[in-house]
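S.K.: Mapping the sequence shown onto our numbering, position 64 (from 1) lands on 83, and the numbers just tick up by one.
Treat each hint with caution, since some may be false.
[Said to hold, decoys possible] In silico lysine to aspartate or glutamate, EDC-like type, Cα no more than 20 Å apart, as pairs:
| # | residue 1 | residue 2 |
| --- | --- | --- |
| 1 | Lys77 | Glu47 |
| 2 | Lys23 | Asp45 |
| 3 | Lys26 | Asp84 |
| 4 | Lys23 | Glu35 |
| 5 | Lys77 | Asp45 |
| 6 | Lys26 | Asp45 |
| 7 | Lys26 | Asp48 |
[Stated by the list, open to error] For each label pair, taking beta carbons as the anchor points, the in silico distance ranges come out as:
| # | residue 1 | residue 2 | range |
| --- | --- | --- | --- |
| 8 | Arg57 | Arg83 | 16 to 22 Å |
| 9 | Phe25 | Val75 | 16 to 22 Å |
| 10 | Asn69 | Gln39 | 27 to 33 Å |
| 11 | Gly28 | Lys77 | 16 to 22 Å |
Rather than coming from a laboratory, the hints here were simulated on the basis of the structure. Ideal Cβ placement from N, Cα and C applies to all residues, glycine included.
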Amino acid sequence: MTDKCFKCGHILNPGEYTCQVCGQNDMEDYRTIRNYVRSYPNSNAMQIANATGISVSKILRYIRDGSLTVVDNHPRRGR
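All chains should be modelled from the sequences, with the hints used to inform the complete structure.
M.R.: In structure tokens, the structure reads:
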């Protein structure tokens, strides 16, 4: 069985899950998100998506896989 890129369908080398083009695009999106969050650290996924044009689902995928970290900068009161 031939492995294909899960994004575009290109045939892959063994052990890869995205082709080189999709992988590069993914890295560019990650950098864009990271740079935005550095400038606007209290942004939520919807704000990031609206500002960068990158989908909320992709932003949440980066959070789920550990590429991006969520930090709670709002201490809880009244405990």
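S.K.: For each hint given before, does the structure comply? Return the numbers of the non-compliant ones in rising order.
M.R.: none
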